[in-house]
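Residue numbers (our numbering), protein chains in the order written: chain C, 1 to 468; chain E, 1 to 468; chain W, 1 to 468.
If you're looking for bench data, these hints aren't it; they were derived computationally from the structure. One thing to keep in mind: the hints can contain errors.
[As the list claims (entries may be wrong)] 35 Å max Cα-Cα, derived DSBU-like pairs, lysine-lysine:
1. 463(W) with 463(C)
2. 132(E) with 463(W)
3. 147(E) with 94(E)
4. 132(W) with 463(W)
5. 132(E) with 94(C)
6. 132(C) with 132(E)
7. 239(W) with 463(C)
8. 463(C) with 132(C)
9. 463(C) with 147(C)
10. 463(W) with 94(E)
[Unchecked claim] Far from chain C by the CB rule (all over 12 Å, computed), these chain W residues:
11. 112
12. 142
13. 143
14. 223
15. 278
[Stated by the list, open to error] Label-pair restraints from in silico Cβ distances:
16. 162(C) with 83(W): 46 to 56 Å
17. 135(E) with 460(W): 48 to 58 Å
18. 262(E) with 272(C): 48 to 58 Å
19. 447(W) with 236(E): 54 to 64 Å
20. 260(E) with 268(C): 52 to 62 Å
21. 232(C) with 274(W): 55 to 65 Å
22. 49(W) with 232(C): 43 to 53 Å
23. 162(E) with 131(C): 51 to 61 Å
24. 232(C) with 124(W): 39 to 49 Å
25. 218(C) with 274(W): 28 to 38 Å
26. 88(C) with 447(E): 46 to 56 Å
27. 135(W) with 447(E): 26 to 36 Å
28. 83(W) with 20(C): 53 to 63 Å
All C-beta atoms in this analysis are idealised placements derived from N, C-alpha and C, irrespective of residue type, glycine included.
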Amino acid sequence: MLHPDRLFPAEPTTRAVARRLYERVADLPIVSPHGHTDPRWYAENESFADPATLFVVPDHYIFRMLYSQGVALEDLGVPPRAGSGIRIEADRRKIWRRFAENWHLFRGTPTRMWLEHAFETLFGLDAPLSAKTADFYYDTIAEALKKPEFRPRALFERFGIEVIATTESPLDDLRWHRMIRESGWNGRVITAYRPDPVVDPDYAGFRDNLSRFGELTDEDTLTWSGYLAAHRKRRDYFKSFGATSTDHGHPSAATADLGTAEAEALFRRVTNGNTAPEDAELFRGQMLTEMARMSMDDGLVMQIHPGSVRNHNPTLFDRFGLDKGADIPARTDYVHALKPLLDRFGNERDLTIIVFTLDETAYSRELAPLAGHYPALRLGPAWWFFDAPGGMRRFRDLTTETAGFYNTVGFNDDTRAFPSIPARHDVARRSDCSFLAELVVTHRLSEDEAHETAHDLAYRLAKEAYRL
Amino acid sequence: MLHPDRLFPAEPTTRAVARRLYERVADLPIVSPHGHTDPRWYAENESFADPATLFVVPDHYIFRMLYSQGVALEDLGVPPRAGSGIRIEADRRKIWRRFAENWHLFRGTPTRMWLEHAFETLFGLDAPLSAKTADFYYDTIAEALKKPEFRPRALFERFGIEVIATTESPLDDLRWHRMIRESGWNGRVITAYRPDPVVDPDYAGFRDNLSRFGELTDEDTLTWSGYLAAHRKRRDYFKSFGATSTDHGHPSAATADLGTAEAEALFRRVTNGNTAPEDAELFRGQMLTEMARMSMDDGLVMQIHPGSVRNHNPTLFDRFGLDKGADIPARTDYVHALKPLLDRFGNERDLTIIVFTLDETAYSRELAPLAGHYPALRLGPAWWFFDAPGGMRRFRDLTTETAGFYNTVGFNDDTRAFPSIPARHDVARRSDCSFLAELVVTHRLSEDEAHETAHDLAYRLAKEAYRL
Amino acid sequence: MLHPDRLFPAEPTTRAVARRLYERVADLPIVSPHGHTDPRWYAENESFADPATLFVVPDHYIFRMLYSQGVALEDLGVPPRAGSGIRIEADRRKIWRRFAENWHLFRGTPTRMWLEHAFETLFGLDAPLSAKTADFYYDTIAEALKKPEFRPRALFERFGIEVIATTESPLDDLRWHRMIRESGWNGRVITAYRPDPVVDPDYAGFRDNLSRFGELTDEDTLTWSGYLAAHRKRRDYFKSFGATSTDHGHPSAATADLGTAEAEALFRRVTNGNTAPEDAELFRGQMLTEMARMSMDDGLVMQIHPGSVRNHNPTLFDRFGLDKGADIPARTDYVHALKPLLDRFGNERDLTIIVFTLDETAYSRELAPLAGHYPALRLGPAWWFFDAPGGMRRFRDLTTETAGFYNTVGFNDDTRAFPSIPARHDVARRSDCSFLAELVVTHRLSEDEAHETAHDLAYRLAKEAYRL
């Protein structure tokens, strides 16, 4: 199923250039500076349970598509909220069959590409998945997963991962990261600081999270100064487990830069319960500026992932909880929203703020002009729904003429689907090489320069931008 | 003028694949589930009057372009409002000549493609239209139109139309549909329920429309319950003339889901005259949810066509009235606007809501993520200004990676220009085959799968989505 | 470095068509109807100082990119605000070297193309620029600039410029234009009327500007009627120096059409100091309608360049002032914003209003539908960040199917970078020929029509639209 020329432009001269560019970057180590794999996998190094548990149940790209066509989440084994009383399919093979029967739904999607890559490269499966081949697939994968070479660490090494970052809450004790470190295994798995649970007043359990945050740091996190000190301590703790970055998933890109007295008063309001929506928004925005201030001191790179309306489907949320495919992008402003932060720190050469978007209209209108001016700003790669050949193509089309390649930060896979990691990096490398090949054949770039740029996009820029 | 390879990608390998895909769908019957042809044509089966009356006078794509370059609507024979005292060109040949002289304005537009297709396939005209050939064109077409094989029913059959839907107001008595049915002709012409005149408080004559609605249904349409009952009765009446869908052309995609008491109060406010703009908007939004509720009972598929600022040009509107090319798209939100409707009915597997857009930025940001999640939601094809090769291409580019092909509903022509129907379906088939061919040559889809998908997009999905 | 086929599509058949189309327009005279070159150059006809002063210091495309990667503006010799006390690099060769060392940053940008075109065609430099070749470049260019054939008028003639417009404030005495006229040189350099300094209440020194405006015109510019009379006089004065157009650079596209009493009251408010932001916006909008009214009398073509958030970076603005690369586009509405102006004058066939955008989402959604309807409206070419092959391609892709080619106005370079002018027109011609070639090979346009259209886009439409 995996053709060696997949994703390269059809025109033969361009394809030949793309192929040459790709050959030199295909086998570069994987630098995965941002993602959501579970550190427990690398810590415990247990076998993955079965094909459905590995591929279907945890992957919102998959179950959202099946759900959109009438397949119930119960029938896919998606775990419901505790206490919901919902009974789910227990038979993993049946789940796998349901998925296989609906394989045609994924035509033209990146999920299809990622999975075919994993099926063929990991399990030697090269007949198309279908209702007919479902059992053969299931048995082949299930059998393989029992072998030691399919355990997490073995796959990590086989994938050629040089470094991978996971993402943890400040309330996480990083026990799995500690266990990895103490295990003597030399795979480089680092954490990243994602403080949403203690920064976003709308986060479920925000008040309780603040108490726990205080306990962990021995600070009075119900005072503004104690709260900030707690962040500083916790960032240091995360740094001691390799963290080089923070990550912020806010509903908008709003930032604020209040005076100390105003910030203190705001903090009191948001910690007193019944937070007004505009206060919650203002506080999140103020905290981005506070995080940038701390980054000026401790050198952590900031990532901002804004613009998702989380849990758009309340019925589904009530039954199954967070991250069940019902997060929908919304229009996102950057030019006004980021101004307070940029007014304060945008001209700093030693600070790196990496901004992502789910609103592609911002690429050429706002993000490329901003990143092509402010020293502190860089553009994250095509994200989430746009982590696909077309999405990547639009990212380059809409940012390069204004911001060039060097205000972008290479690729990150941003995934919790471990076996898809090599496929995702492969798609990114092929897509970037295809884009560069078109610049070469239209005589805008020499092939030598394209080789250098391809290498930068596949490897160097991610390492540099994330200080790895 | 019609090259057999038109619209296929230039790259030879891709073109060859596109051609093979197209060959198998080129002659499939036309399913036209949504449009605006006049049922009277099929009922009376009279000859079309003359070339100008058939092609120029009723086609807003044509006269808007001529108008934009300084040609007066009077000189194109466009009928003014009753009582306006405006004198228009009576000589149909002169109108045709004006159009022919300005043919270069249509370079690069779909209008050009549709017309050339009709000129050549229907009338054998294959020399370019120009001031020089205007009379030859006129005479050839005028001559042909007198023949029986150019009457509406003969063309319907020649076009290979399996089924066509027209669009009528609830106040329409469907007399032409009755006449078609009683004629014994077996062409399948069905109606669709477009209740804007009795749903939109800003619609001209809304109050009078409600009275007439009451008379037709024998319900007290000035009470909320009577009003809803009238809709139910009228929907049933439309169903008896084949309707399988409703259609809603609102200025925005706003929906609402009020409690009964609130809805009743709102209904009283909008029926008391002097409706506040926000009440009108709220009422239209509430009615989308009411229509969905009725669809749960009677199975009619809902279509939402939002986002057009109607009658942008008041001078023109005063002189010529509705639908004169001065409808301009505006920015349209879906993610928040559709939420009340989706909160209530989005998870229903037996309901189909087909959403269209005139704001292409919503494709990848909002519509594909929504349709790729909610079981009730499907995406209508590229609409109106975007019913063209480039527009169709962007539709697939921007929706497929997130929503796949199977959350879309195939093509509908949405036209009042009868002779353009085969051309429009042909352009859609060629465009989709070209898109699929690129997936094949970049090794993302097998050619077998592409054949199946091409068939689905050209035929099956429209039948299924519209329950035809 | 300059390949004869650069920017043409890679596919050989399409490339061959593009080449044939381009051959016939490559050497057409340059019509430059809108730009920002300094009329003093043509008036005094002095040699350009040195390579850094010619290419680096005044070009915000260049220093913004270098700044975004941490190069200080001081180190690029960018002049600070008077009295800032900032010391800048005085050694022009060092500035040039810094630029050359960072040449890779411009990969994929139009700046790279423009500069390579100038380097090779003007100075015979065809080895890639780099740290290594920096001095050779510097010396070669510096040597050439001393020669008479590199003086402004000689370059003007060598570039094949038939006519070029500069852009001046109503407060400008047009002395350089006078000097050009009196010099007997027959290069056609005309001015354009850009009244922002006396129209925009937020413009620095607005009140003082009004006084000066009064002195220049001998009108009482603190009365509404005197102020309007001053505009009329000054427009006439500009016309006497060849002006055929006005230009308006507003933060939004908002227009207004107030009654005289309201307009007078508004004028009193904005001239009394402490103008409220909404009054400033309303006044700018009202003045667009006033300008249109004057254009109805004096025939000047209006240009509207809206949607830039100027001076987004206050730190930089405080230190270096205006136009230092910190202007960032923002979302721009047209459909509602232009309505008051279009309600009043949109149906006029003798008025031409050329609208530009920095928000590409408006192309297909708002601008093409508006320009494809209103006789007075035309679309300006891809502007600023979008004056690049990809940007131009999107402009045609997103406007042609709705507005055709003939509601656009050809190309304008809009630049202050004199040596880049031939390159910019060359890129535009190559881009348009490539777009047309694709229409030809996909059988949507005959090659004869494409030749005619290419000529129109390269030459005729600009002359006609700008009445040159």
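Taking 35 Å as the top limit, are the C-alpha atoms of residue 132(E) and residue 94(C) close enough? Outside the cut-off at roughly 70 Å; violated.
Starting from the range 48 to 58 Å, see whether the pair residue 135(E) and residue 460(W) falls in it by beta-carbon distance. violated (28 Å)
Residue 239(W) and residue 463(C): Cα distance at most 35 Å? violated (58 Å)
State, for the Cβ atoms of residue 83(W) and residue 20(C), whether the hinted interval 53 to 63 Å holds or is violated. holds (56 Å)
That 54 to 64 Å hint for residue 447(W) and residue 236(E) (C-beta), does it hold up? holds (57 Å)
If you check the beta carbons of residue 49(W) and residue 232(C), does the distance land in 43 to 53 Å? holds (52 Å)
Residue 463(C) and residue 147(C) were given as a pair; does the straight-line alpha-carbon distance stay at or below 35 Å? holds (33 Å)
Does the no-contact call for residue 143(W) survive, Cβ to all of chain C over 12 Å? The claim holds: residue 143(W) sits with its nearest Cβ about 26 Å from chain C, beyond 12 Å.
Interface exclusion of residue 112(W) relative to chain C, criterion Cβ beyond 12 Å: violated (7 Å)
Straight-line alpha-carbon gap residue 463(W) to residue 94(E), limit 35 Å: Holds. Residue 463(W) to residue 94(E) sits at ~30 Å (cutoff 35 Å).
Assess, step by step, whether the Cα of residue 132(E) is no farther than 35 Å from the Cα of residue 463(W), and give holds or violated. It holds: about 27 Å lies between the C-alpha atoms, which stays within 35 Å.
Hey, residue 463(C) versus residue 132(C), does the alpha-carbon distance stay inside 35 Å? violated (44 Å)
Violated hints, listed in ascending order, are 1, 4, 5, 6, 7, 8, 11, 17, 18, 20, 21, 23, 24, 25, 26 and 27; each of the other numbered hints is respected by the structure.
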